[in-house]
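Novice: Here's the letter readout for the chains.
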Amino acid sequence: MKYIGKPIKRKIDPRLIRGDGRYIADLNIPGTLCAAFLRSPHAHARILGIDLEQARKLPGVVAVFGPDDGTDFDSLPVLFPHPKLVPVTQRPLDSIVHHVGEPVAMVVALNRYIAEDAIELIKVDYEPLRAVAQLDDAIKFDAPLAHQHLESNVAAHFQQSVGDAKAAMKEAPVVVHHRFKIGRVSCLPIETRGLLAKWDYNGAEPALEVFAATQSQHEMRSILAKLLKVSETNVRVIAPDVGGAFGAKAIFYVEDFLVSWAARMVKAPVRWIEDRMEHMMSSIHEREQYHEASLGVTNDGKILSVMDKMLANNGAYVPWGIIVPIMTSTLIPGPYKVPNYFCDATVLYTNTVPLAPFRGAGRPQAALILNRLLDQAAEKLGIDPVEIRRRNLIQEDEFPYRTGLMSRDGKPQIYDSGNYAKVLSEAVEISKYTEWRKRQQEYRKQGRYIGIGVASAIENTGFGSFEGATVRIEITGDITVLTSAATQGQGHETTFAQVAAEVFDVPVEKVNVREGDTGLVTYGTGTFASRMGVLVGTAIYKASQAVKDKAKAIAAAKLNCALELLEMKDGYVFMVDEPSKRISLGELAHEARGLFPGTTFPYHITPGLEVTDYFAPEAASVTGMTDIAVVEIDPNSCAIKILDYTSVHDNGKLLNPLIVKGQVQGGISNGIGTALYEEIVYDRQGQLLTSTLMDYLVPSSCEIPDMKIGHVETPSPLNPLGMKGAGESGTIPVPAVIQSAVEDALREWNIKVENIPVKPAQLRELLRHKKQVTASGIR
Amino acid sequence: MQRNLKKIAMTVNGKAYTASVEPRMLLSDVIRDELGLTGTHVGCEHGICGACTVILDGRPVRSCLVFGVQADQSDVITVEGLADSNGELHPLQEAFWEKHGLQCGFCTPGVLMSACHFLQQNPNPSREEIREGISGNLCRCTGYQNIVDAVELAAETLNKNKSSDTESAKEQGVHSGRAVNV
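Protein chains in written order, with the UniProt record's numbering: chain R, 1 to 779; chain U, 1 to 182.
Any given hint could turn out to be false.
Below, computed lysine to aspartate or glutamate pairings styled on DMTMM-like, alpha-carbon distance capped at 25 Å [stated by the list, open to error]:
1) R:LYS2 with U:GLU98
2) R:LYS708 with U:ASP149
3) R:LYS653 with U:GLU98
4) R:LYS641 with U:GLU152
5) R:LYS9 with U:GLU98
6) R:LYS641 with U:GLU132
7) R:LYS432 with U:GLU128
8) R:LYS6 with U:GLU152
9) R:LYS432 with U:ASP149
10) R:LYS708 with U:GLU156
11) R:LYS267 with R:GLU116
12) U:LYS7 with R:GLU754
13) R:LYS9 with U:GLU34
14) U:LYS6 with R:ASP117
Calculated directly from the structure, the hints in this document are not laboratory data.
In this text, all values refer to a predicted model and were calculated from it rather than measured experimentally.
So that you can see chain U by itself, here it is in the shape it has in the complex:
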């Protein structure tokens, strides 16, 4: 049954992985089935719903539209990489909890990854810009309003943290311990 397998190596959430996969295997399936990281969800497999969004070399991608072999030698961040090494929630995750930004939770990992990248690009967004920024992720439960509220709150927290980080970094030099730097 071992047909035409290719060896790939990736860094996922700061950790090195190797896997032998068929060239046709989707990145979403590699992440879920080969690496066992099931936080990345598959909702449509044709690139519309956004549930499978991960950060690939610094950019959000729908992992159902990328082959695993295309991600060879890449850096991938999934929802499991959002919390820090001590398990402390990322401010975005905290904000989704605080603002009731999820119901069934199935689209949530993809929304979090899109929003995470969006806030890196635009740390002070308007509500309209947030709506635009997460429009590639379908949610059937929330009606999006609480998601927008959550991203707004996360932006505030991150900006606050950033200014206090700069202060404390000046004093002692800190390391965030997160796979993702926002």
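Isolated chain R (complex conformation):
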């Protein structure tokens, strides 16, 4: 391949590094007003009265809206319904608030300073209701109800099962247990959410144009049309440059509706830019789950049975159903052969920000469970942690592999391809695992505490249902590619250009990719779930092939020769035997438009060198990865330092290794945040204790180490280019590998590290407790 698989520098960069990016806050549309929201300080409360008059009187304020304006608003639609789910979705400007930060009133003013002044002038009379925030509390029989109209806080209770896990566990000669308390994190793109809505009244019907920092412009269009009761034809959603997303911008939020609605009410463009505190208290969170898990193995470490009991917090609403706990429950077996498996999951409503997929989407939690259980079993059996994993991995010749579980789409879960043993071996080699094990003992003699963690995991990527692309040859000879995707830093403009460049055999510079606009491609879903390379990449590949065939058909007619005698290269179609007989792509594009009105179209193709195609994969393509981390712990402060980090990935055929490596590095850094630093904390009454970046620790360049990244390529059989997703896999094994390494470093204390994030204060507490117990002579 000439272009696919090459580490080509990104086409978008010159614009962004000059400061010429156009993010939502940068758009310059004359007459644009600014919106600000008054947000609830209570976790659960009824609004008894609200006084908007003082705010309305402030000079520069254009409009103020409160609960009375929202009485006929519909609740947000239920996405991802599930037979076991009792769905509650948010209703804009509801008179009952269900978490701190929920919008209560909205001001539209000439600028944001005035809008925020007006927010201060709104007086609200709240009747606080009993609130519940934490999993321990929410599950209790007499817990306060997160929603008063429900009978309990249980949003869903479901189970996954393969074989007879209970019976197999009873028979197992060795059984180990581990508990997991996984904290809550924020997606935290550096650009917060934002929206600019503008109505146009010059057409037959009012039309809405929305610029949004979104991952899914097509989803947003359909929901806006539904809620605003207008035709989708009259709604266009455009995602300009978007400053990171990681899941936070895949969701449709009430603010998205309210800003668009308000723009219609005030008859002017309205923009809202979320501030960081709003982001912490209103943009989705993820990860929070508790697990109690058991593993039964044979005496030589072969897995017999895995059982898990999961409690998952879903916050106050289910904007994306219960996707996250479902994902966790179906991926706990991961890359390992698990003949008997049982998972019992309870998903709870609480008066907190809703949980929905953040990069990794339930999989980092899944990867923790079995990897950490295998650590316990290895310890008990005296087997090396790498060896026990090797003995249990699904083997290369066992693909396609049926796990016995049902996938998210209701079909049997099948792993399409992989070579997990090779991924593990490469990680062992690159990380110099064996040397580190030796060094660990030497360091120990010097009083240094070094721990080595290892974790293998998978990601099911490239989900359906579909994405699309239009490919066109312009009369200039340039190639235009329009896609249904949106980019938030993934470099689509380069990787997708590489796919088209490969088919047409033209330089990447000749291909222009445009996306993030419902006006470009009729249907689409969005950029999430590591699916764009696989789905859009394949759609472009197919559409490009079809355009190429059309171009060759015209050339065959013009040159009066058989199709088979023609080839395409460097902007020309030419005769293989006589390369001087050639026609440029631009000329062919011109021919494909017909001569002039009234003439008969002379070619046996549909006019225009343009084809739109969609790709709907039959199943997910599954990636594999193994991470190995070396940490050092200061025995006094319990500070944790990562000394070495290795990650080996099988992301199938890579479109651009430079970009995939960047995705993996970024994913790992998000994983390190989850594993060691980041935690959104609520108190028991649902007050948010981490509403700024002073309280919520995002890893900086000093916390993230240099990483050694390796790749193994097992092409997926599910698409013509053999691609697999790459956006999230970096994140997935990190919490497992870090928790594993920390416990290994403190092995002589024989403590169990159960929390994520792993924090020095918890470790100190565990060590102090252990020392007291030892000193008292009780074992």
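Please arrange chain U on chain R, whose structure you already have, making use of the hints.
Specialist: Frame of chain R, contents of chain U only:
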């Protein structure tokens, strides 16, 4: 609506600007909304993320923590001032492109400004020192490794340019044409 406006004058990227602003208006908002230089991004407005970093009178500052009126009579350099007057990219910008040091690009202007000042202070940094030097700028996309690689590469290029500049300056005396001299 004209409430208590103060007139301020600043040199931004070598060009003189005046604006009438409320005393409470943040420098970040003055730069973006009054001067129309939207390359400076706002990520947290409480001085942690570093996306809004600009060079104010020779020192990097978070422009969300400075009022516009405090910058009266000051010299400001933003990301738009990094490339030279012919539009040629600064070696730091080139290095970020070369090393894939950015993904979404939102934190990038702030990182570039911090790194630019850092390399003035420390032209031959170790990787550890680079990490320390840019630790006030949060990036959620890259995991920082490629940013460190880029700053390392830029240091090399700048040092090379410096030695060849000294050579050619001896011969003919040159002017860089950049708002920023690194």
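Novice: Does each hint hold? Answer for all of them.
Specialist: Checked hints:
A threshold of 25 Å between alpha carbons decides the hint, and for R:LYS2 with U:GLU98 the separation of about 20 Å falls inside it, so the pair holds. Between R:LYS708 and U:ASP149 the CA atoms are separated by roughly 14 Å; this keeps the pair inside 25 Å, and the hint holds. For the suggested pair R:LYS653 and U:GLU98, the alpha carbons sit about 23 Å apart, so the restraint of at most 25 Å is met. Distance check on the hinted pair: R:LYS641 and U:GLU152 sit about 23 Å apart at the alpha-carbon level, within 25 Å; holds.
At most 25 Å may separate the alpha-carbon atoms for a hinted pair to count; R:LYS9 and U:GLU98 meet this at roughly 7 Å. For the given pair, R:LYS641 sits about 15 Å from U:GLU132 by alpha-carbon distance, which is consistent with the 25 Å threshold. Simply put, R:LYS432 and U:GLU128 have alpha-carbon atoms about 22 Å apart, close enough for the 25 Å limit, and the pair holds. Restraint check: the Cα-Cα separation between R:LYS6 and U:GLU152 comes to about 24 Å, which is no more than 25 Å; the hinted pair holds.
Restraint check: the Cα-Cα separation between R:LYS432 and U:ASP149 comes to about 23 Å, which is no more than 25 Å; the hinted pair holds. Our distance criterion of 25 Å between C-alpha atoms is met by R:LYS708 and U:GLU156, whose separation comes to about 23 Å. The hinted pair formed by R:LYS267 and R:GLU116 meets the criterion: a straight-line CA distance of about 21 Å does not exceed 25 Å. About 58 Å separates the Cα atoms of U:LYS7 and R:GLU754, which puts this hinted pair outside 25 Å; it is violated.
Distance check on the hinted pair: R:LYS9 and U:GLU34 sit about 34 Å apart at the alpha-carbon level, beyond 25 Å; violated. Distance check on the hinted pair: U:LYS6 and R:ASP117 sit about 19 Å apart at the alpha-carbon level, within 25 Å; holds.
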